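Protein sequence lines correspond, in order, to chains B and C.
Here the numbering used here is used: position 228 in the first sequence is 228, and no number is missing along the way.
Plus 1000 on top of the position in the second sequence (first one is 1) and you've got the numbering used here.
Hint data in this document are derived by calculation from the structure and do not stem from the laboratory.
Be aware that a few hints might be false.
[Unchecked claim] One-sided and incomplete, this derived list gives chain B residues near chain C with beta-carbon spacing under 7 Å: (1) Thr34; (2) Gln46; (3) Leu92; (4) Met100; (5) Pro110; (6) Ala119; (7) Leu123; (8) Leu131; (9) Phe133; (10) Glu134; (11) Pro140; (12) Ser157; (13) Thr180; (14) Leu181; (15) Glu183; (16) Asp288.
[Unchecked claim] So these bits of chain C aren't anywhere near chain B, every CB distance computed over 10 Å: (17) Gly1055; (18) Arg1109; (19) Asp1117.
All values reported here derive from a predicted model rather than from experimental measurement.
For every residue, glycine included, the Cβ atom is placed at its ideal position computed from N, Cα and C.
Number of protein chains: 2
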Amino acid sequence: MGGALPLASAPDAGPRTFDSTLARARDLAFAELTRALAGEPGPVAQAMLYACEGGKGLRGFLVLESARLHGLSEVEAAPAAAAIEALHAYSLVHDDLPCMDDDDLRRGRPTVHRKWDEAVAVLAGDALQTLAFELVANAPLPPEPRLALLLTLAQASGVRGMVGGQMLDIAAETAPAPLTLPEITVLQARKTGALLSWSAAAGARMAGADASALLRYGDALGLAFQIADDILDVEGDAATIGKAVAKDAAAGKATFVSLLGLESARARARSLVEEACDALAPYGPDADTLREAARFVAARRK
Amino acid sequence: MGGALPLASAPDAGPRTFDSTLARARDLAFAELTRALAGEPGPVAQAMLYACEGGKGLRGFLVLESARLHGLSEVEAAPAAAAIEALHAYSLVHDDLPCMDDDDLRRGRPTVHRKWDEAVAVLAGDALQTLAFELVANAPLPPEPRLALLLTLAQASGVRGMVGGQMLDIAAETAPAPLTLPEITVLQARKTGALLSWSAAAGARMAGADASALLRYGDALGLAFQIADDILDVEGDAATIGKAVAKDAAAGKATFVSLLGLESARARARSLVEEACDALAPYGPDADTLREAARFVAARRK
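Let's have the full structure, built from the sequences with the hints guiding it.
Shown next, in the form of structure tokens:
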């Protein structure tokens, strides 16, 4: 059976909990990144690996799990899982820079520009983005799906995707009025949603199959993720989350919580989880691990 | 005849000078970039186009001209030409940042972080890199050559290529002793050589042909280019070049001129031009425009 089992059912994954499923996916992606950077000396390569450590590994998990749903092996899917983790890490390293969000702490450790310096952080972020495209370009998949993954990854992360969302976020800080709910929804769809949806849809694209159900799942999951993030910024504690909290409120920034109120934000996150789960209907119970991921995302404590 | 003619022989290119050949290639690549960013508002997209303006367009020219040598049309080659100009522009925008080379002037105009701010410069550079991969992933070429271009572009620009070279350059500034000739040759092969060689080899890769002659040409051209740059840093004037000069000498950095002396550096550049021209032997006189490019690179005044 092997590759056709849910990640968590593998013999070495221990009792079937979602956390162990996620941990196993994270380890697979990180092993791929370590292999890709093996033998490369110097602070930039070190900082690249450091930046990929200690995250939840949610994006890589979505790639591996959607690939499994479409009958692909872990060997085929792991490079794309590593790629999306590298791309996500690049975005965090650059977002944390003094000229951007100016954060000292990430995942409970000093940010890259604090541990090394700003030049290393700029270069490590740059090279992590490059590595993401290199990993997908080199994945053991037929040419057409590899190209589909590459093109959609570029679209999701560029000026019309993630970078555009980050720009809207920065612009909002100096805007005369806080953002409205439709504006913040667009911002988040670009800033965090695009890469989560790409991850969820990756398996279908690898198989040359229709990605629309997984994209609907990814869009709902992405929005639930962001609402949960805003709830954590209000309710969470920095020691657990591993980064600064209450920054948005302190900055007077509009969030889903400030716009909807805490209770409505929670209700909205719950209904998005339902929406995400319903989108997976074509896959039947085989998609239960992805359903669990949607519940995990909305209920997470960090 | 159309697509099979050297770029400069096209009816609208005016008298056949290398400058007009280069200008036409530059216009083709820039038109492609403008199309790719059309309708995208906001400072990041503006800064991306700004960063691509006003350069020599040498890399895009090499892509177009090597593609012509292999029978490809401008329509097929223009996205890759635009991609390498976008990738080069990203590297300049990030290199100019205060935490890197801290330059205020580039191509005779304020650098992106001076005209906008550092956040826009980081994001515009990031999105230019993404755009480069998007353009190649979307090029009107068969899947295999597109993937070959993407993979080699990532390898040439990542931590084992351009970014690695930039890191060596930064490390050299605080090293106890100036770099030696072999060290500076490796540094420049990665920092500037890798992308020039990629550009020169692009046409062969698009055609699925042997790229070794064009790679040898590109390697020699790249080194000649860097030696010419070091000569300009000593002899050039900032108004003509459009950026600060004599920075390397002021910083006590080793350059080809400081290591070889001015006359030997000039002789080395001349012999590299010969080497580049000889590498093109398999193409016969059809490669004369590329030979002209090698002479242009070594003799340029900016």
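Among all the numbered hints in the text so far, which are the ones the structure does not match? 1, 2, 3, 5, 11, 13, 14, 15, 16 and 19
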